[in-house]
Every structure is written in C-alpha cells, then in structure tokens.
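Enquirer: Listed below are the residues making up each chain.
Number of protein chains: 2
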Amino acid sequence: MVPQLLIEASTKYPRQGIWQKNEFTPYPLMLSRVLKLSNSLLRMGVTPGTVVGILDANSLRFLELHYALASIGAIMHPLNFRLPLNDLEYTIREAQDDWLIVGPEFASLADALKNLIPRQITMPTQYEALIDQGDETFPNIPIKESDPYSIAFTTGTTGRPRGVIYRHRDILLSSWQVVHHLALHDSLARPTSEDTMLCLIPFAHSHGWGIPFMAPYIGASLALSQKLSLTDQVDMITHKQVSWANMVPTQLYRLLEHLPRPLSAPFKVLVGGSSLTQGLAKKAQKFGLKLAVIYGGADQLASAVSVSLDQSPVVSIQTEPIFSQRLMALPGVELQIRDDNLIPLGSESGHVGQIWVQSPWIPTAYLHDPDATHKSFRNGWFATGDLGIGHEDGSVSVVDRLQEGIKSGGEWIAVNLLETILSELEGIDQVAILALPDAKWGERPVAVIQTRQILEPESIVAYLLKQVEAGRIPKFWIPDHVFYIKDMPLTSAGKIHKQNLASKLDMLSQEPHE
Amino acid sequence: MVPQLLIEASTKYPRQGIWQKNEFTPYPLMLSRVLKLSNSLLRMGVTPGTVVGILDANSLRFLELHYALASIGAIMHPLNFRLPLNDLEYTIREAQDDWLIVGPEFASLADALKNLIPRQITMPTQYEALIDQGDETFPNIPIKESDPYSIAFTTGTTGRPRGVIYRHRDILLSSWQVVHHLALHDSLARPTSEDTMLCLIPFAHSHGWGIPFMAPYIGASLALSQKLSLTDQVDMITHKQVSWANMVPTQLYRLLEHLPRPLSAPFKVLVGGSSLTQGLAKKAQKFGLKLAVIYGGADQLASAVSVSLDQSPVVSIQTEPIFSQRLMALPGVELQIRDDNLIPLGSESGHVGQIWVQSPWIPTAYLHDPDATHKSFRNGWFATGDLGIGHEDGSVSVVDRLQEGIKSGGEWIAVNLLETILSELEGIDQVAILALPDAKWGERPVAVIQTRQILEPESIVAYLLKQVEAGRIPKFWIPDHVFYIKDMPLTSAGKIHKQNLASKLDMLSQEPHE
Numbered sequence: 004m005v006p007q008l009l010i011e012a013s014t015k016y017p018r019q020g021i022w023q024k025n026e027f028t029p030y031p032l033m034l035s036r037v038l039k040l041s042n043s044l045l046r047m048g049v050t051p052g053t054v055v056g057i058l059d060a061n062s063l064r065f066l067e068l069h070y071a072l073a074s075i076g077a078i079m080h081p082l083n084f085r086l087p088l089n090d091l092e093y094t095i096r097e098a099q100d101d102w103l104i105v106g107p108e109f110a111s112l113a114d115a116l117k118n119l120i121p122r123q124i125t126m127p128t129q130y131e132a133l134i135d136q137g138d139e140t141f142p143n144i145p146i147k148e149s150d151p152y153s154i155a156f157t158t159g160t161t162g163r164p165r166g167v168i169y170r171h172r173d174i175l176l177s178s179w180q181v182v183h184h185l186a187l188h189d190s191l192a193r194p195t196s197e198d199t200m201l202c203l204i205p206f207a208h209s210h211g212w213g214i215p216f217m218a219p220y221i222g223a224s225l226a227l228s229q230k231l232s233l234t235d236q237v238d239m240i241t242h243k244q245v246s247w248a249n250m251v252p253t254q255l256y257r258l259l260e261h262l263p264r265p266l267s268a269p270f271k272v273l274v275g276g277s278s279l280t281q282g283l284a285k286k287a288q289k290f291g292l293k294l295a296v297i298y299g300g301a302d303q304l305a306s307a308v309s310v311s312l313d314q315s316p317v318v319s320i321q322t323e324p325i326f327s328q329r330l331m332a333l334p335g336v337e338l339q340i341r342d343d344n345l346i347p348l349g350s351e352s353g354h355v356g357q358i359w360v361q362s363p364w365i366p367t368a369y370l371h372d373p374d375a376t377h378k379s380f381r382n383g384w385f386a387t388g389d390l391g392i393g394h395e396d397g398s399v400s401v402v403d404r405l406q407e408g409i410k411s412g413g414e415w416i417a418v419n420l421l422e423t424i425l426s427e428l429e430g431i432d433q434v435a436i437l438a439l440p441d442a443k444w445g446e447r448p449v450a451v452i453q454t455r456q457i458l459e460p461e462s463i464v465a466y467l468l469k470q471v472e473a474g475r476i477p478k479f480w481i482p483d484h485v486f487y488i489k490d491m492p493l494t495s496a497g498k499i500h501k502q503n504l505a506s507k508l509d510m511l512s513q514e515p516h517e
Numbered sequence: 004m005v006p007q008l009l010i011e012a013s014t015k016y017p018r019q020g021i022w023q024k025n026e027f028t029p030y031p032l033m034l035s036r037v038l039k040l041s042n043s044l045l046r047m048g049v050t051p052g053t054v055v056g057i058l059d060a061n062s063l064r065f066l067e068l069h070y071a072l073a074s075i076g077a078i079m080h081p082l083n084f085r086l087p088l089n090d091l092e093y094t095i096r097e098a099q100d101d102w103l104i105v106g107p108e109f110a111s112l113a114d115a116l117k118n119l120i121p122r123q124i125t126m127p128t129q130y131e132a133l134i135d136q137g138d139e140t141f142p143n144i145p146i147k148e149s150d151p152y153s154i155a156f157t158t159g160t161t162g163r164p165r166g167v168i169y170r171h172r173d174i175l176l177s178s179w180q181v182v183h184h185l186a187l188h189d190s191l192a193r194p195t196s197e198d199t200m201l202c203l204i205p206f207a208h209s210h211g212w213g214i215p216f217m218a219p220y221i222g223a224s225l226a227l228s229q230k231l232s233l234t235d236q237v238d239m240i241t242h243k244q245v246s247w248a249n250m251v252p253t254q255l256y257r258l259l260e261h262l263p264r265p266l267s268a269p270f271k272v273l274v275g276g277s278s279l280t281q282g283l284a285k286k287a288q289k290f291g292l293k294l295a296v297i298y299g300g301a302d303q304l305a306s307a308v309s310v311s312l313d314q315s316p317v318v319s320i321q322t323e324p325i326f327s328q329r330l331m332a333l334p335g336v337e338l339q340i341r342d343d344n345l346i347p348l349g350s351e352s353g354h355v356g357q358i359w360v361q362s363p364w365i366p367t368a369y370l371h372d373p374d375a376t377h378k379s380f381r382n383g384w385f386a387t388g389d390l391g392i393g394h395e396d397g398s399v400s401v402v403d404r405l406q407e408g409i410k411s412g413g414e415w416i417a418v419n420l421l422e423t424i425l426s427e428l429e430g431i432d433q434v435a436i437l438a439l440p441d442a443k444w445g446e447r448p449v450a451v452i453q454t455r456q457i458l459e460p461e462s463i464v465a466y467l468l469k470q471v472e473a474g475r476i477p478k479f480w481i482p483d484h485v486f487y488i489k490d491m492p493l494t495s496a497g498k499i500h501k502q503n504l505a506s507k508l509d510m511l512s513q514e515p516h517e
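Protein sequence lines, in the order shown, are assigned to chains A and B. Each residue of the first sequence is one higher than the one before, starting from 4 at the first, in our numbering. Each residue of the second sequence is one higher than the one before, starting from 4 at the first, in our numbering.
Source of the hints: derived by calculation from the structure; they are not laboratory data. Incorrect hints may have been included.
Copies of the same chain are indistinguishable here, so a pair counts whether it falls within one copy or spans any two.
[As the list claims (entries may be wrong)] Okay, derived cross-link-like pairs now, DSS-like style, lysine-lysine, Cα gap no bigger than 30 Å in a straight line:
#: 1; residue 1: K293; residue 2: K15
#: 2; residue 1: K15; residue 2: K285
#: 3; residue 1: K286; residue 2: K243
#: 4; residue 1: K24; residue 2: K243
#: 5; residue 1: K507; residue 2: K147
#: 6; residue 1: K410; residue 2: K498
#: 7; residue 1: K286; residue 2: K443
#: 8; residue 1: K39; residue 2: K478
#: 9; residue 1: K24; residue 2: K469
Make the full structure from the sequences, and use the hints.
Expert: Here it is as structure tokens:
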C-alpha cells in the first residue's frame, strides 16, 4: 500500500527526489535505502505489528522510515518532542512503542526515555549501519489496505494527548484527495510535478499533513525543513529552490516579516492548523504568495480545502470577514453543522453550531479511552470541537473553537469572529470578548478594548449594528457592555490573557479614554 | 458510496447538470428524481442484490438508474444491445437479471426477451410513473464499498461474452484516478468544472468509461449522446455546447471527416478502445483537438492514460510510430510486460510481451467461468491479451493484440506495428503481414502489399533496415518475403480479410507491378 507510492515515484519520476540542505537524494536512491533498511529491521525483529517510535526533526531518514516501516508492516509512532516530558511518556505507554529510533539532536531526551523504551537505534551511525547491511530486495510481507500504518496523538491542548490509529488506506486516500482537490479546482496552491515542496509541518502532526505522501505521488521533489531557520527559508524561496510550502498562520506571519520584497516567481502556500486572518491573507497576497487553506486535524486527518479563491462564484476572501474562508469538503467527506441535540442546522439558517465530519479515512475511536471516544465519535461521525456556519453551496466557515464560544439563549456566539470584526474598526488596537453569566440568557458577551483614540460605546454599537445590517453577524451578538483597558494583559505566547482579564473586569472603566 | 457523488454534486454544483438534446436537468433535480425512483423501485421489490438489466441508449433515465439502483443496493446490468440476440440472452442468463428496464427504442427487442425476463419496466411511461409516485427521501439502505455495483460483459470478439462484477469502490476509484491523473499531469484532455462532457461511449461499455461518475465528481456538466447523429455532434462542438468528449478512434475519424474546419475553441478528446494511429492523431491536432489516450477494458476498467503529449520529456507522438503512445499506469496500477513463462521483461530489453495488469479495482474472476478465469486472472494480476513494449520511465506502449502477433523463435513480432511502419513507405496503399509456418522459427512473417507504383522487394527491405537502425523494430521482424496484390480482399467492415488472403498466398506474385 503506502510503499507503492515510492516504488511508482522511482520509476515514473527518477529525477525527482528529496532535498535536505544542499544534498539531493533522488527517489530511486531513497527506495534503495528504504529496502535495505526494511530488511535489516526485519532481521532484528521489527515485524508486522511492531510499534516504532521516532524522535527526530523532519529529516530524510525520518522520511525514509515512513516507507521502510510500512513495507514490513511495522507501525510508526512519530513522537511529538514538543510535548512536556510526562505527556511524551504517556504517548509512548499508550502506543506501546517497542523500539525508538532517535535523531542526532535528541540523544539526551532519548536517554531520559531509556527506562521506558530500552530498545533504541541512533541516527546516523546505527541507522546507516542497518542500511549498509541490508539486502536491496522487496520484503515479502503482505500488507492490506486496512492494516495500521501509524499511531498519532493530538497535541492535547485540553488535557492528555489522545491517540488514534491511521490505516494505510486512510493515509493514501486523505493525501490523494487533498492533492486531487487542489489540482482539479485550479486552486492557487495547486501542486504539480514541477514543484519542489517544502514541508514546514513537523511529521508528528499527521505526518506533516501528508506531504511525504503527496510529493512522490505527483512526482514533485520534496524539501525537508530540519532545523531550517527563517533566513534559510527566505533564501530557498527567493532563490526559487522551493515553489510550494505548507505552514500554520504563525509561520506565514513570521515568513512575511522576513521577506525583503514581493516575490518575482509564484510561491504556493497551503495554510492550516488554525484560522488565517484576513489581514494576513491580504499581506501574503501582496507579497505574491498563492494561498489555499486546509481544514483538518490529528483526529480527523484532512477534511476540507478552501474553495478556489480566484475562480469561485462565492464571495471571495477579500470581502469576507476573517475566519470565514469557505471550506469545501473533500470528495467523500461530509460536513454538518449541528446544534447541541446533534440535529443538523440548515445552511439557510445562518446559525452557528459545532462542525461534525464523516469521511472514508476518519478514525473510529481514541486509543484506550472509551469516554473520550463516546464524546467525539458517534455512528461514524466525529465532533471536531470547532464552531462553524454552513453556506448554501455546502461549504462551511470555521468561526471559532467550541470552547471559546459563548452560549446565549441557546445560540452560539462566535467570539473569534466577533473579535475580528471589532478589530476592523478604526482606532481599536486590541479587543477581547468575554462571557458574563446572565440569569435570563445563560451567558452574555462583553467587549474589552484597547484603543488609540477615543471611541464612544455608542459608536461601537453603531458600527456593530451596521455589520448586523450587512448580514455579517446576528443582532444578539452585540456585547452588552464595552470596557476600556490601557494595556491588555498578554500570555507568554503573546495572546490575550482572558482569565487574567476576566478577574479584573470589575476594575475596568466603561468610559472611553485615549 | 456511488450515490454520494450525485448528492455532493447537487450541493456543490447546483447549476451544472445533464444536457439531453436541448433539455437541461440540473444535478439537484436529477437527485430528486433519483430518490423518488429509488423508493418506488424498493417498494416494488427491487432490493439489495436484485439484478436489473437496462436496455437503452445513453439517456438521462439510464444515467439516473446508475444512481437509483446503487442507492438501494440493486445491481445494474447494462445490456449491450449490439450483441447478437443469442449472446445477449446468454449475458442475461449469466447475470441472472431479475428485472429489465427498457428504453423506448428497444420495445421489440424487449418483447423477444419476455420469456427470459418477464418483469419489465418501460420508458418513459412506467418509469416516469414510478418517479411520480416515489417519496423524495434517502433510502435507508446501508451500502458498503465492497458491495457489487454492476455486472459488465466483454464484447466477446473471441468467443462468448464474459461477465465481471464491479464493486462500488472499483467504480469510484477507477473513475477518480482517470480524472485525477488527467488533472494532475496537465494532460491536454484535462477536464474541469467549466467543461460540458459529451459521453459518446455506450454505457454498456464499462459505463461509458466512467464519464457518468466523473462529470458530477468534478462539477462538470454532462451531455448525453442518445441517437446523436454526426451532424448533431459537429453542431454541438462548433457551437461550443460541449468542450470534451470520449470516443473510439473510428468515431474520431468520422467526426474529423465531418468537421468543416479547424475549431476556434479548444475541444478535448479522450480516445481509447483501440489503437489511435499516428495519422489520425495528427489530423485531430490539425483540427485543434486536444487528445489524450486511455487504456483499459471491460475486464480491467481503466489502467493507464497517455503521458502528457506536450509536456512530457519522452518522445512525443509526432516522432513515434503508430500504436506507441506511451501509457503511464494510473497511480496504484502496475503494468508488466511478461514472456510466455510469465516472467516480467525488463524495460531495457525492448522485447515484446503480453501486458499484465494489477490494480485496486481489477476484478478477480469471470462469472461462472473457472477456465477463462484461470487463464486470465493469476494472483491478483490480469492478462490483458495485448502485446506491449516497456519503456525505462515505466510507461508502456501497446503494439498489438496477442492473437494478432507472430511468434518467431520464441519472440513476438507485433504485426500491427510492423504494418503501420510499412504503410508509411511512399507508394504503399495497403499492407498485410501474415504468418507462415517455419520449421526452424515456428512462424515467420511475410508481407502482402498493394502499391500504387513499382516498389522492388529490395527497396522495401532497405527501408525496413533503416527502421532497424533507427531502433524502431528489431531486425528479425523483417518479413522473409514480399507478395504483391492488386486488390486487397476486404471484410464487410472494410478491414483486410487476412484469412482469405492467406488462402490465396500461393497464387500471388513476388514481382512488383504497378
């Protein structure tokens, strides 16, 4: 199954391959290394069903393991080295890792894990020795499409990381549908075999969103980002060594800050992981970047990509509020906006609800966690934890995380979207929407703003009423009160510290100041 | 499974749909008709596993049945009304058809089948009554991807038609991969949602090569060719009502004869079913047609499409001999050129051998025919009955049908290819290669030619030696003798009557004449 991708790439696209710094490994050479490695691993007892943890940055060797382990039926567990140690250990115990393969920068972390997982193979020395000693023959292990390919974990922002199993067919189908959908619909980020694709998403996040499978599939070359500094990235892009990349909005933001000038050649970017603001999208376009948005997650893989931004008949990103890029479900995927009783909301309703998804590659359960499974997986559907609005063409806009939303009179208010719309008002520097308990409505929103000029509460309400008239928000979203603050409290990550803010709401003025 | 395609098209592409003559049925309306029909059929006893024969031209109603039957788990058997009656009856018995749905032009044929299959539904009256009476709800029938979708038969040019079963997943995966491969590789015949696709292949031939599934999938409109005259086709094309079509070379040939002048707008054509000659391809290009070639068959579905003719680094069609379009296996498909002992021949060998294919959607057996099954299906591989040559990039050229080839000294001579190369020689009007028994080599080729000027056997051999030097053919392909004939005997279909020719070989001269 998955290894077939590399075999086909070696035959069809023998001149394409992997760039790591200035070193190029064509697909046929990579295949040869993968085969040798597979046979050596098999000989030392890595057999069908063996779980192998990988602790490495996005390296060529890590990529090779994506094919080598699969070709002998072993199951990869890409370790998320950014997790706190106790969470990392938790994932190793949950996945029941039998072996650990360790990249050169992670030797001390691997030492700390030695009690938990004593069988370790180090890169590059032991790893390269395995390749040197291996036969270059196809391991004769039958692999079925429903065999497990890997074990992945959520980042666990709301508790323990949760594990899911991806099967070979899940990996192939989801990667294919992303690349097909981008190709069929003339997406701005349509990848072709002419591209060199830079994978800026760590392999621990759904295998870098599947780029290790997409590039050989379409015959593109792949550039790996192991320890790639921003300066290196900018260099590679401006010197046209890469023409495509995937990244989260934060990476895009930092990249744009470092780009000296608009690009002369097209550079395609697939953005995902969290919401892309309108401002960032506009800035990227000014710099000549061609954007598409992907929607998915570790526990659902890819579910949707943005409707083609230039050719689509629907409203374009330019005139839409932030977060409301219209996402089209990938073929075979269904997205539903449901209310709290799990009843699907019609697209004409304009109501906010939780996004549920069903797809051919969606996992069916969290590993060893029946409670979380019951909460999120129901009859083949998965509760994404995202709030969304449905459109008549079947597309969906993600407006908030469920846990950030405010429930007022049984209806959701998308805090993220409301904050963005408020931040578009001239004079507002920072804005936070908080929930206040309300006897009648359950919760009601209040706004806390930091301004650079005097802004009367009345003019803020007037501005929001205009947005109501324009159909951007329902009237009941308008905050009951506006509080003014001079310096918004921030977390160490630079986000607004809402907990802190809520605790001092009593002390804030409801009078505007400069 | 398959019905999901239409549901998605109705939501995503509500303005696209089906053209039949001047009548347009948007996908949402078609879905509504399909749902009503499904529920009516279900009520009258067409349930999961029921086999329903369809006797109709490519009509909207026949298309609707592709989705209606599938949504209640019934199995479609598209009847090939061009088969001789006893073959047609044979396929009905083999498929065990429970019902027959009959198009208006086929009433008398249906009457002849009444004993064999008494339960019949006529179009339009009974069919439309079923739609009028049906509920527009989703039938609550669970369909698995491995459930049978339809029963198809080979045309049986070499004996009885043979039946195969297509599963839902086979239909989806094979159609998707064709359209994806055309889209990803910038094929000249790349279909987009802007296209209106004309299906000129009867649904009895692998469901019109899957166009009924591709069009809604990519959001294109579909034009159906029920009783479409050549004049109508030319009209639709020159008036830009259609921008894409599939057809066999004979249809292409006739279309080009009727096109008054080169086209002003691009018109894309997917050609398959038999070999596309270089002359025809060139003529089509002169008329502004954008061609791609598809390779497959009823018993394998689609296996390969031509390597992009304009962008590919390999030799283009312009300088290649007839039949040697390079075909690239679809992703997940493997093509092998094997010798008589089933040993794969290397691509560097340049040897001709039978093409074997393995794919995720290949059937595993012929219906009720263990002998034919054993001959053609081995360990998941299918013997195509085609002779081919492999190339280093993994692509394959089809050079002949196995049964037409000549076996000389254990090696294949591709008669079709050799004839074409000879026909390129100035002064030759017709050419036939025949096999003569040979004590040493088993068989040896001789050429029979009809000329319009004096052509010495020596100059013919000299010409062929040049082709040997150019690497187009091996030296042992050069015919041992050249015979001359004034009027080539032809079959009623206009092909050279080789049997007749072989019987009078003794009487032919080996001296050139005018």
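Enquirer: Look at each hint and say if it fits the structure.
Expert: Comparing the hints with the structure gives:
1. Taking identical chains as interchangeable, the C-alpha atoms of K293 and K15 lie at most 30 Å apart whether they share a chain (28 Å) or sit on different chains (23 Å).
2. Taking the shortest Cα distances, K15 and K285 sit within 30 Å of each other only across copies (26 Å), while inside one copy they are farther apart (38 Å).
3. For the homomeric pair K286 and K243, the shortest alpha-carbon distance inside one copy (20 Å) is at most 30 Å, but the shortest distance between copies (40 Å) is not.
4. For the identical chains of this complex, K24 and K243 are intra-copy neighbours only, at 14 Å inside a copy versus 50 Å across copies, given an alpha-carbon limit of 30 Å.
5. Taking the shortest alpha-carbon separations for K507 and K147, neither the intra-copy value of 58 Å nor the inter-copy value of 57 Å comes in at or below 30 Å.
6. Taking CA atoms no more than 30 Å apart as the test, K410 paired with K498 passes inside one copy only; the shortest distance there is 23 Å, against 77 Å between copies.
7. Taking the shortest alpha-carbon separations for K286 and K443, neither the intra-copy value of 43 Å nor the inter-copy value of 77 Å comes in at or below 30 Å.
8. In this homomeric assembly, K39 and K478 never come within 30 Å of each other (Cα to Cα): the closest approach is 65 Å inside a single copy and 40 Å across copies.
9. Neither within a single protomer nor between protomers do K24 and K469 lie at most 30 Å apart by alpha-carbon distance, with minima of 52 Å and 49 Å respectively.
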